[in-house]
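J.: Here the protein sequences line up with chains A and B, keeping their order.
Residue numbering for the first sequence follows my numbering, starting at 41 and increasing by one per position.
Residue numbering for the second sequence follows my numbering, starting at 41 and increasing by one per position.
Everything labelled a hint here was simulated from the structure, so no lab data went into it.
Worth double-checking, as some hints may not be accurate.
If chains are identical, the list can't say which one is meant, so a pair holds when it fits in one copy or spans any two.
Derived pair list, reagent style DSS-like, types lysine-lysine, alpha-carbon separation capped at 25 Å [stated by the list, open to error]:
hint, residue 1, residue 2
1, K329, K75
2, K329, K118
3, K168, K190
4, K168, K118
5, K317, K146
6, K168, K237
7, K244, K317
None of the values given here were measured: they were computed from a predicted structure.
Protein chains: 2
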Amino acid sequence: MRIGIDLGGTSIKGGIVDEDGNIILEKSLKTVKGKDENGDRICNGIIKIIRELIEEKNISINQVNLIGIGVPGNVDYKNGIVGRCVNLHWENVHLGNILEKEFGVKVLIDNDANVAAGAEYLFGSTKKANSTLLVTLGTGVGGGAVLNGKIYRGINGAAMEIGHTIVGENFYNCSCGNNGCLETFTSATAIIKYAIKLIEEGRKTIITDIVNGNLNDIDAKIVFNAARKDDVVALEVLDRFVKYLAIGINNAISILDVDSIVIGGGVSAGCDLFMDKLINEINRIKLFKDIPFCTIRKANLGNSAGIIGAAMLDRI
Amino acid sequence: MRIGIDLGGTSIKGGIVDEDGNIILEKSLKTVKGKDENGDRICNGIIKIIRELIEEKNISINQVNLIGIGVPGNVDYKNGIVGRCVNLHWENVHLGNILEKEFGVKVLIDNDANVAAGAEYLFGSTKKANSTLLVTLGTGVGGGAVLNGKIYRGINGAAMEIGHTIVGENFYNCSCGNNGCLETFTSATAIIKYAIKLIEEGRKTIITDIVNGNLNDIDAKIVFNAARKDDVVALEVLDRFVKYLAIGINNAISILDVDSIVIGGGVSAGCDLFMDKLINEINRIKLFKDIPFCTIRKANLGNSAGIIGAAMLDRI
Numbered sequence: 041m042r043i044g045i046d047l048g049g050t051s052i053k054g055g056i057v058d059e060d061g062n063i064i065l066e067k068s069l070k071t072v073k074g075k076d077e078n079g080d081r082i083c084n085g086i087i088k089i090i091r092e093l094i095e096e097k098n099i100s101i102n103q104v105n106l107i108g109i110g111v112p113g114n115v116d117y118k119n120g121i122v123g124r125c126v127n128l129h130w131e132n133v134h135l136g137n138i139l140e141k142e143f144g145v146k147v148l149i150d151n152d153a154n155v156a157a158g159a160e161y162l163f164g165s166t167k168k169a170n171s172t173l174l175v176t177l178g179t180g181v182g183g184g185a186v187l188n189g190k191i192y193r194g195i196n197g198a199a200m201e202i203g204h205t206i207v208g209e210n211f212y213n214c215s216c217g218n219n220g221c222l223e224t225f226t227s228a229t230a231i232i233k234y235a236i237k238l239i240e241e242g243r244k245t246i247i248t249d250i251v252n253g254n255l256n257d258i259d260a261k262i263v264f265n266a267a268r269k270d271d272v273v274a275l276e277v278l279d280r281f282v283k284y285l286a287i288g289i290n291n292a293i294s295i296l297d298v299d300s301i302v303i304g305g306g307v308s309a310g311c312d313l314f315m316d317k318l319i320n321e322i323n324r325i326k327l328f329k330d331i332p333f334c335t336i337r338k339a340n341l342g343n344s345a346g347i348i349g350a351a352m353l354d355r356i
Numbered sequence: 041m042r043i044g045i046d047l048g049g050t051s052i053k054g055g056i057v058d059e060d061g062n063i064i065l066e067k068s069l070k071t072v073k074g075k076d077e078n079g080d081r082i083c084n085g086i087i088k089i090i091r092e093l094i095e096e097k098n099i100s101i102n103q104v105n106l107i108g109i110g111v112p113g114n115v116d117y118k119n120g121i122v123g124r125c126v127n128l129h130w131e132n133v134h135l136g137n138i139l140e141k142e143f144g145v146k147v148l149i150d151n152d153a154n155v156a157a158g159a160e161y162l163f164g165s166t167k168k169a170n171s172t173l174l175v176t177l178g179t180g181v182g183g184g185a186v187l188n189g190k191i192y193r194g195i196n197g198a199a200m201e202i203g204h205t206i207v208g209e210n211f212y213n214c215s216c217g218n219n220g221c222l223e224t225f226t227s228a229t230a231i232i233k234y235a236i237k238l239i240e241e242g243r244k245t246i247i248t249d250i251v252n253g254n255l256n257d258i259d260a261k262i263v264f265n266a267a268r269k270d271d272v273v274a275l276e277v278l279d280r281f282v283k284y285l286a287i288g289i290n291n292a293i294s295i296l297d298v299d300s301i302v303i304g305g306g307v308s309a310g311c312d313l314f315m316d317k318l319i320n321e322i323n324r325i326k327l328f329k330d331i332p333f334c335t336i337r338k339a340n341l342g343n344s345a346g347i348i349g350a351a352m353l354d355r356i
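Sequences and hints are given; from them, build the entire structure.
T.: Written out as structure tokens, the structure is:
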């Protein structure tokens, strides 16, 4: 029996997970925003959820082999320390120590994208692969990777920041200060910004009607739905998104030579719309035309990946 | 005692290497150009060099722990097979088997950039690092990496093709067919092409005088020398080279989070001229400003890296 915790910016989700990666009991807790430098408030929330899980499942803490936690920030995996974590207002919280003292159980902590990549690798869409790169397309663009069966963390726990690889020139700068980051072409934010740009340039599209002229109401789903109806502007936004996503993924393949790519995050809801185009474009630009191309699939564990991957951190 | 072989497009170089990475005897042999599909001709050359080395050093083949070979092409490391190797006109040559049968000694074969990265990691400019990315800037741009102490090869032995990561838009297409490959901004070829472009646009520069108006005689060294004399056009070529090399290296750091970068290849002869600019530019664009930046240095084993790294393949 294992416990996985998915620590988000607004909630803590926890689950008891069996050895086959099934969540057999799940609980969640909203977190209150605000300062929490030493992590006391959120740590107490994690402890509460773990206590509730073992109580409701009627097991002893001694039956838990591992408590694993995925965190939206930089993690010192070896020492169980969460470095900078903007969403949680944390700096250098010794989360591993705190929870090991509390429960007397082995605790492992990792970045949430790594944890999700691990879950997909073990039980999800890429479970027969040797190496998996997860690309998460949401408000921003992130990534995590399992290479040769192990999560690849890099020297500073800062690997797979694929969203901030520079792949071209864009009409607006990235939040990191650079121009041309993959994130500014392929995040939900990028899709919205480019649609608004075209509309403000006078282009006619059903997107304007759908939001009753309130361009601030445009989201990626609306753009994708308009593309499904063959709206020319929406299709142009989609083509640009695919062009740069193909470049970003192909760049990562040129460096990592993985055998599987998995697309996660909110924008992956549009995979039915863009996956074929994306695969065609990557096949067009890939360097070694005679090497079998790695598989590319939509992540299929959804929101469960965080809990499952965290619970399995000692296996990846 | 070890033997390392550096197999190039025009020569075979071989050396006896001690456990500390010193080449204690070296020999080389020119190869004849032309068809060699089953590898017989070049294999005979390798066998000849190995026999000469052990004879001249007056040792027995039983005293050789490893024969290692670096090859300019795709290698199936596990099975000792050289896949496609355009320079040698090879396709699927079972080099490992051939040499093990001949000498009864363990044989390991790898791509030449991997071998060079391994040599720099063990004995060269980055020997105190945990992970090393070697970027080779020559006629083309290539790379090899040691990650967490092991050469990283990828699923198809095709990893670290950093030269074909796309980093912008360029005025000419890459030999691979794409536009915007790092190689088209930062190879010797790229430096020459951009200098010629500026001259053909009417810009005045001492480069034109140096080559007596024969623009085909321009090479990267001439451009760098002009930049050393503060020639405005040469400095413009250099700045563009630095801008894109910084992007390419920073993209690789964003994915790999290594603690050391080493620059090799013929263009690295200009490191005295561009290294400070390059480091400044990478520091300006890097994502995590508060993480200590990885070191970036010129490769310091030069042409010996191929022999030394090959001889040490069982240690990396």
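J.: Evaluate each hint against the coordinates.
T.: Consistency of the hints with the structure:
When the C-alpha separation of K329 and K75 is checked against a cutoff of 25 Å, the pair qualifies only between copies, where the shortest distance is 23 Å, while the shortest distance within a copy is 52 Å. Taking the shortest Cα distances, K329 and K118 sit within 25 Å of each other only across copies (22 Å), while inside one copy they are farther apart (39 Å). Taking identical chains as interchangeable, the C-alpha atoms of K168 and K190 lie at most 25 Å apart whether they share a chain (14 Å) or sit on different chains (23 Å). With identical chains, the CA atoms of K168 and K118 are at most 25 Å apart between copies only, with a shortest distance of 20 Å across copies and 27 Å within one.
In the homo-oligomer, the alpha carbons of K317 and K146 never lie at most 25 Å apart, since the shortest distance is 45 Å inside one protomer and 47 Å across protomers. In the homo-oligomer, the alpha carbons of K168 and K237 never lie at most 25 Å apart, since the shortest distance is 42 Å inside one protomer and 49 Å across protomers. In this assembly of identical chains, K244 and K317 lie within 25 Å of each other by CA distance solely inside one copy; the values are 24 Å within and 46 Å between copies.
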